[in-house]
Amino acid sequence: MTSSSPSLSGEGPSSPSPSGGGQGGGSWSREFPLRGPAGEVIDLRRVFLSHGIAALPPMRLDEKAWTFEITVPLARERARTLTISQAHAGVGLVAARNQAVSAELAVAIMAQLRHVLSLDVDLSAFYAVAAEDPELDWVVNGAGRMVRSPTVFEDVVKTICTTNTSWSGTTRMINALVEHLGRKAPNAPAQGPDGRAFPTPEAMAAAPDTFYKKVAAAGYRSAYLKQLARDVAAGRVDLERLGTASREELPDDEVARQLQALPGVGPYAAAHIMLMLGRYDRLILDSWTRPTYARLMGSKRPVSDRTIIKRFRRYGPSAGLAFWLFLTRDWLAEAQATAPNVTRPV
18 MTSSSPSLSG EGPSSPSPSG GGQGGGSWSR EFPLRGPAGE VIDLRRVFLS
68 HGIAALPPMR LDEKAWTFEI TVPLARERAR TLTISQAHAG VGLVAARNQA
118 VSAELAVAIM AQLRHVLSLD VDLSAFYAVA AEDPELDWVV NGAGRMVRSP
168 TVFEDVVKTI CTTNTSWSGT TRMINALVEH LGRKAPNAPA QGPDGRAFPT
218 PEAMAAAPDT FYKKVAAAGY RSAYLKQLAR DVAAGRVDLE RLGTASREEL
268 PDDEVARQLQ ALPGVGPYAA AHIMLMLGRY DRLILDSWTR PTYARLMGSK
318 RPVSDRTIIK RFRRYGPSAG LAFWLFLTRD WLAEAQATAP NVTRPV
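Residue numbering for the sequence shown follows my numbering, beginning at 18 and increasing consecutively.
It should be emphasised that the hints constitute simulated quantities derived from the structure, not laboratory data. Among the hints, erroneous ones may be present.
Here are the computed lysine to any residue pairs in the SDA-like style, where the Cα-Cα straight-line distance is at most 20 Å [stated by the list, open to error]: (1) LYS327 x LEU302; (2) LYS231 x ASN181; (3) LYS231 x GLN208; (4) LYS231 x THR180; (5) LYS81 x ALA354; (6) LYS327 x VAL146; (7) LYS230 x ASN181; (8) LYS230 x THR180; (9) LYS81 x GLY53; (10) LYS81 x LYS201; (11) LYS81 x ALA106; (12) LYS201 x ASP211; (13) LYS317 x LEU302; (14) LYS81 x ASP347.
Put together the whole structure using the sequences plus the hints.
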């Protein structure tokens with residue numbers, strides 16, 4: 018199960034506003050089919066709720082309107098803020114409101130969209146196994162695609178910022194990085210992280226040490242984040258290759274090894290990043306997933322890692338994805354029953 022190169026086949030035409038959103042000012046939008054490579058159904062709500070990082074800048078989720086907003090960086094252009102929603106049954110809609118979008122830029126936007134929503138990940142083999150599992154057969158109705166960042170660098174930085182801290186601490190760090198170092202989209206507010214893309218490695222490498230310690234309040238992560246940005250900006254580390262290489266080129270074990278060689282990335286962080294890379298064989302076993310699994314299984318006592326791993330072994334290279342979906346199966350129902358903006362573990 019791998020992610021193919023972005024494809025524009027099957028997507029609807031651009032719909033610029035009368036004011037010229039296709040080439041000049043105004044707004045732009047485009048519909049796209051909610052089907053996977055093998056015809057799998059895609060439930061956008063499940064994608065939006067795939068994990069907590071979807072609520073961190075430059076992403077924003079509105080659980081009342083079921084819209085997902087993200088500001089993406091685009092080569093040789095300013096960033097653009099996109100709003101993604103469901104147009105009608107089986108069709109999604111992406112829009113850039115009050116922002117100029119050329120034909121060339123539209124192609125780049127759609128490639129970003131397909132990557133961020135994991136639209137080109139083939140889940141058919143995973144669904145075939147899940148359909149025979151009474152506790153996971155529900156996933157074939159459109160679950161299993163993970164929201165991911167436009168770059169592997171962004172996913173790595175965000176994951177480092179989730180380790181050994183509260184969710185509010187993670188949010189504070191990411192807000193600071195995006196607000197102060199991110200590239201602005203047109204019409205971005207003067208302050209705050211909204212309307213700004215995630216900072217580039219070069220921008221993070223150029224930030225002074227005091228920014229990480231005093232503004233981002235990243236604590237011990239400050240040195241890790243600065244060193245990672247420097248290594249990527251200088252070409253000493255190629256994170257993006259981890260997201261494009263096939264398993265033949267880079268086996269899962271080698272990807273895990275390279276990730277854990279990065280500053281601030283241990284086994285938990287590596288497993289989480291690999292989930293974003295479409296490498297689903299590793300289970301994320303931490304202080305949230307273990308007790309959550311025990312609770313869902315009706316056990317008042319801790320369940321051993323060995324028992325958990327054995328439960329999902331049938332899924333082979335998708336064992337980690339199956340485990341994550343098992344843990345998060347109630348998130349959609351909870352979102353529909355409670356107020357929006359409920360924070361969830363990554």
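Now for the hints, and whether the structure bears them out:
For the hint linking LYS327 to LEU302, the alpha-carbon distance of about 13 Å falls within 20 Å, and the restraint holds. Taking the CA atoms of LYS231 and ASN181, the gap is near 18 Å; set against the 20 Å cutoff, the hint holds. For the hint pairing LYS231 with GLN208, the CA-to-CA distance comes to about 18 Å; that is within 20 Å, so the pair holds. Between LYS231 and THR180 the alpha-carbon distance is near 19 Å, which keeps this suggested pair within the 20 Å criterion.
Proximity of LYS81 to ALA354 is assessed by CA-CA distance (about 10 Å); at most 20 Å being required, the pair is judged to hold. Our distance criterion of 20 Å between C-alpha atoms is met by LYS327 and VAL146, whose separation comes to about 15 Å. Distance restraint check for LYS230 and ASN181: the Cα-Cα separation of roughly 16 Å lies within the 20 Å cut-off, and the hinted pair is therefore satisfied. Taking the CA atoms of LYS230 and THR180, the gap is near 16 Å; set against the 20 Å cutoff, the hint holds.
Pair hint LYS81 plus GLY53 does not hold up; C-alpha atoms about 25 Å apart against a cutoff of 20 Å. A C-alpha spacing of about 26 Å is found between LYS81 and LYS201, which places the hinted pair above 20 Å, so the restraint is violated. A distance of roughly 18 Å separates the Cα atoms of LYS81 and ALA106; the hinted pair therefore holds under the 20 Å criterion. Proposed proximity of LYS201 and ASP211 is supported: the alpha carbons are some 9 Å apart, at most 20 Å.
Restraint check for LYS317 and LEU302: the C-alpha separation of about 18 Å stays at or below 20 Å, so the hint holds. Straight-line distance between C-alpha atoms of LYS81 and ASP347 comes to about 17 Å, which keeps the hinted pair within the 20 Å bound.
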